[in-house]
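There are 2 protein chains.
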Amino acid sequence: MIDLTKMMHPKSIVIIGASPKPDSVGNELIKRATQANFNGQIFAVNPKYDEVEGVPCYPSVSNIPSVVDVAIIATPAKTVLGVIQECAAAKINNVIIISSGFKETGAEGQAMENAIAEFAEKNNINVIGPNCLGVINNADNVRFNGCFAPIQAVKGNIGFATQSGALASGIINLLPTLKIGLAQMVSLGNQCQINALDIMEMWEQDDEIKQILMYIESIPNTAKFREIATRVSKKKPILIIKSGRSARGAKASVSHTGSLAGDDTTATGLFASSGVIRELYLRDLFNTAQVFSKCNIPKGDRLAIVTNAGGPGILATDTANDYSIPLADLTDATKEKLRAVLPPQASINNPVDVIASATAEQYEQAASILLDAKEVDILLVIYLYIAGKNDIKISQHLEELKKKHPNKPIVSVFMTTPEYDSDVLDVIPDYNIPTFRFVVDAVHGIARLVERMKYLAIKDDTVPTLKVDRARAQSILDNAKAQGITQLTTMQSLQIFDAYGLPLPKFGVAQSLKDAKDIANQIGYPIVLKLSSKTVTHKTDIGGVITNIKSEDELGFWWNRLVDRLNKANLVETLDGIVVMQQVSGANRELVAGVVKKGDVHQMMFGLGGIFVEALKEVTFRPCPLTTQNARDMINATKAKNIMGFVRGGMATDLKVVEETLLRLSQLVGDFPEISEIDANPLMIDDKGRLLVVDARIVI
Amino acid sequence: MIDLTKMMHPKSIVIIGASPKPDSVGNELIKRATQANFNGQIFAVNPKYDEVEGVPCYPSVSNIPSVVDVAIIATPAKTVLGVIQECAAAKINNVIIISSGFKETGAEGQAMENAIAEFAEKNNINVIGPNCLGVINNADNVRFNGCFAPIQAVKGNIGFATQSGALASGIINLLPTLKIGLAQMVSLGNQCQINALDIMEMWEQDDEIKQILMYIESIPNTAKFREIATRVSKKKPILIIKSGRSARGAKASVSHTGSLAGDDTTATGLFASSGVIRELYLRDLFNTAQVFSKCNIPKGDRLAIVTNAGGPGILATDTANDYSIPLADLTDATKEKLRAVLPPQASINNPVDVIASATAEQYEQAASILLDAKEVDILLVIYLYIAGKNDIKISQHLEELKKKHPNKPIVSVFMTTPEYDSDVLDVIPDYNIPTFRFVVDAVHGIARLVERMKYLAIKDDTVPTLKVDRARAQSILDNAKAQGITQLTTMQSLQIFDAYGLPLPKFGVAQSLKDAKDIANQIGYPIVLKLSSKTVTHKTDIGGVITNIKSEDELGFWWNRLVDRLNKANLVETLDGIVVMQQVSGANRELVAGVVKKGDVHQMMFGLGGIFVEALKEVTFRPCPLTTQNARDMINATKAKNIMGFVRGGMATDLKVVEETLLRLSQLVGDFPEISEIDANPLMIDDKGRLLVVDARIVI
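Those protein sequence lines, which keep their order, are chains A and B.
Quick note on the working numbering: the first sequence kicks off at 1 and runs consecutively.
Quick note on the working numbering: the second sequence kicks off at 1 and runs consecutively.
Source of the hints: derived by calculation from the structure; they are not laboratory data.
Treat the hints loosely; a few may be bogus.
A pair counts as met if it fits within one copy or between any two copies, since identical chains are not told apart.
Claimed, not checked - In silico SDA-like pairs for lysine to any residue, Cα to Cα no more than 25 Å straight-line: (1) K78 x S347; (2) K506 x L466; (3) K617 x T265; (4) K639 x G610; (5) K155 x Y420; (6) K31 x T359; (7) K568 x E554; (8) K91 x K122; (9) K639 x E614; (10) K337 x G106; (11) K31 x T417; (12) K235 x L456; (13) K21 x T359; (14) K103 x V341; (15) K393 x T177; (16) K155 x Q41; (17) K534 x K568; (18) K103 x Q345; (19) K617 x D654; (20) K393 x A356; (21) K656 x M453; (22) K639 x S324; (23) K598 x T265; (24) K31 x I355.
Let's have the full structure, built from the sequences with the hints guiding it.
In structure tokens form, the structure reads like this:
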């Protein structure tokens, strides 16, 4: 881990390329740094000036009389390497390169950037950027603004890192509106050295940061991301927007799994398995952030709503339902207490409608009763300024109630005039109740609190080691490799599945009709015949699968026909046998599981199978190795869960078997990283609820 | 249609129950009315005062010396009928009852409300309310504020009607933030007489109203709603929030269709078939409203994006993709023009990135080039205030460009400091470019523009009359009724389907094995046997369906077994035959269609069938009779569309046949309104792409 303490908590900084020219980056940088009331010394470097904006200015860092912790460089790209060399000579170990004109401009820029990274690495210099907005640390004892956003950022408890510097600037403009503040901001720029994961690890250790927000456009290292994010997300929430979702990422592939594994689909799985909350839209990101900024994690998910208007109460009920947040069932005792303080026209059911005439005191009493109630975990307070005067006493009461009930989140929707908020802040400068204009934004944030509560409740989640016959799988793979096969035959694939304990129908491999009859007699009719060939990848395409063979006579007929077809297609030589498999009966529920290797990481897929795989796209991905919880999450992630229970004409599946099937596939690719693709498709559920892998494909 | 001209455009009003007591409803009403600078005379009625807030006050309306157009009543519930009687005597034909304490409080209140409605009806008095906030008409020549919301509503071109009065008050508070204004507002209250549909018809005729927004909790009359909304939505957009979505509405039912037809599901279909844009959340409603307020409908859906920051450009691309808005493919000519005015680091592909240093002039040039381009229909302008100064010249340029390109919507996302907006309004008071903080809100509004463009492009959509054998269906139904059957047998149902030209496999009905063999020989093997019984509703439950019978021998065997089963179950008497049907081969794609009657309206269902019907809930509803376009919409509304094209192992279905199947079912229930439920399930697609109704159920 890179030590960035000095980078973010400097005692002295220098702005190289400082300028008195209004609106220039070099001018904005020095203004922001001084206006932030930096708790340390600020120097400027520019050979043209003695001072800039009241800051002493030197021709070069070598002229600065004292040690400098951080250099902020805003000189033309071509000069930057030289500047950093001077920094090295002056023992400056932390540099932030604001300048653009590097990798983002093409090969020449890339070369300059590489040279900088190389020099920095050799000389133990930490580099943020280039091509970035800079950094901010709003901590009271630091007050370091090393960026050129046009205004100071509101202070708060959020660490915000972004691959788009301009976006940081835009967000800083909106912070008052969004009712959030930043503890630190890091504009990542081109990440020639320090990247998003370094920042994540830095913030893991920093108590000023209560939550980590990131805007990223790429994930450099899936495995490392998962390792770090999984650890950090146990300590504080990580909310991420990853853009470029619409880019086409899936490559041509022989397997269903491969063809469905778009880059963004697998990113979703990576975030889910790492405890990262992925938001799709900035609006949602900052709504969630406001709630996390101001609320602790609740103990449960039961929501009570108090409102002074019926309509918004119904809307809140609808929205809670959309987000699967249950409304608290109020006990008779709670209702009696409400009845005692509210007017007769009030509704004492949840949502509690204190009606339009409610006073601040009635709001306080209703809210207090609901927060005291054991059946309530979270409180949503809706207040519409209807008549008379805005009454900021309601906010004051909520702030007091929050202190009494720190672990029962209070979230508010206030449809008040714009002045209300500033009136509240005049009286309670550190007002700490999340406040929204619309119910949906509040409920979105509440849903994320609940999601995090559930995530933190998962204990001792590990990658299990299941009993498998690894040696047998090894020998099948060795054998295939010896034959130069990369796409395993049906027989080989099924045998490897069998070695790894996957739920298969009874089957055997026949080299002759006699073999086939013997196997069929052992298994019992009806049976299925499947061609197992070294070259035919889609065996159904050449009629290589015959189902529902009910007798020895039929077996003889179809065996001969299959051999005829092979002869005609000139494929006999490639045959390594014909699989004789028990016919699965009463199975009209089809799932799919599979694995595809992307980069160094195997991605597991699970979802609805059959002809619906591509048409419905009800599949989910997670990176391997799967933990037990990952497998459970996959089972619940798509509508596939709806066909695993009891359905017309079929019994419920044992979800433990589904879970184990995924874990066994994960263990298989963990043991044999040379496997690039697996399809376990279809994965049938028969009428008795038994899960059976009916066909197998493995590519190495 | 009720004439509400005087109600909304009065020359004189009286507030009955006016009061000098601060914060009372009677005081707020008179203050709002006077503060609005009403273009007419205001009177007050209260026996205690001579004047209230400077308005002449009388003991009763009978004392007012001149004619009054509208009475606003805010006296206690029990006095209201008497007050209205006085109004009638004083020839006041329009009353707005603010007072609460009616239907919403129980039986006694309901009785008072009924008495008022009855009296009003007899005396030709129009009544808005009771239990409402009042009304507003912001027209320059009216300036009528007859409500007690605490502040004046910003003027605009929206008609807003709401079943929640408090909500109107909340929204009025937020109008400046939401950047929209109201032309008129009507708080519907209990709708004892005038309801949402009356208001819709009133606004249909009013040129000041450019769009109609409604918050409703119920739809009183489905058929009338559809008739009026379909007509009005052709003239101006109707945006509706209907709350109570999470209420459980579906009743126990023998058919799949019936069990899936929840009240809210059918409301969605009603809105879709009436051209109404349904929003789920207030936030989205007002985002859409802002765009409709300020933009004309585009000619196409191709979006160009101009931005000064890469990140938000990528986010906008993702979001446009989420909303199925295509990005314009810029021509080389357009790109050359952009290259000529933008710096070399700018990206001239869509999204066009003018980079952080862009001046207002460069923005103007880029926007102008894109608006001139034939390949661009809509422009999204993203501006992040990054460094230097907020530059409102960008807004000025956009406003000018809008005038040049009135039919190419310009929508903006400005991540600026809060002062920016007020700075713009200082210079351009009627600034008319929709402005959002976040891309997703802008794109949501753009998507609605595109939706409306497509809706308006549908010409001559009618309910077709297809050739059917109505007489035959009539005789089958008469026959069933004569037998006292309400749930038609399989045979009867299939025969009615046949009479209405639905695509059925070949079939016949056998009374004996000999019949069956004859039919089977005509059809050709394999065949299916289906029990047709007057009492057995789920024939599969008693093994009454035998599939894949391949020969006459097998037919004999199964016929006898079926008869045995019937004998054992004591069901022979209820039999009206055994259906012999062609076995549909290669059909693993299952759809479902059906109809259920809710109230007076038949609701058509269509979607994914088979065991997935309930598990996946990929079904959609529309009220009958279906227009051709309704049927097309249903085909495209769910993921069912993904299995109707070419899929692995199956050819594409002729969508015309699917469309006609739905239209024929619609015609069937139109001809025979006594039909309460139909299931055409499954609706199979075979490997050749043929659509076939494999089973039928009709309930009368």
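Outcome of the hint check:
no., hint, result
1, K78 x S347, "between (70 Å within a copy, 22 Å between copies)"
2, K506 x L466, "within (21 Å within a copy, 54 Å between copies)"
3, K617 x T265, "both (11 Å within a copy, 23 Å between copies)"
4, K639 x G610, "both (14 Å within a copy, 15 Å between copies)"
5, K155 x Y420, "both (21 Å within a copy, 22 Å between copies)"
6, K31 x T359, "between (47 Å within a copy, 22 Å between copies)"
7, K568 x E554, "within (21 Å within a copy, 34 Å between copies)"
8, K91 x K122, "within (13 Å within a copy, 95 Å between copies)"
9, K639 x E614, "both (14 Å within a copy, 11 Å between copies)"
10, K337 x G106, "between (70 Å within a copy, 23 Å between copies)"
11, K31 x T417, "between (35 Å within a copy, 18 Å between copies)"
12, K235 x L456, "within (9 Å within a copy, 53 Å between copies)"
13, K21 x T359, "between (56 Å within a copy, 17 Å between copies)"
14, K103 x V341, "between (66 Å within a copy, 24 Å between copies)"
15, K393 x T177, "both (21 Å within a copy, 23 Å between copies)"
16, K155 x Q41, "within (21 Å within a copy, 53 Å between copies)"
17, K534 x K568, "within (17 Å within a copy, 54 Å between copies)"
18, K103 x Q345, "between (67 Å within a copy, 12 Å between copies)"
19, K617 x D654, "both (23 Å within a copy, 23 Å between copies)"
20, K393 x A356, "within (16 Å within a copy, 44 Å between copies)"
21, K656 x M453, "within (24 Å within a copy, 50 Å between copies)"
22, K639 x S324, "both (15 Å within a copy, 23 Å between copies)"
23, K598 x T265, "within (12 Å within a copy, 41 Å between copies)"
24, K31 x I355, "between (51 Å within a copy, 23 Å between copies)"
Hint compliance for this structure: every hint is met.
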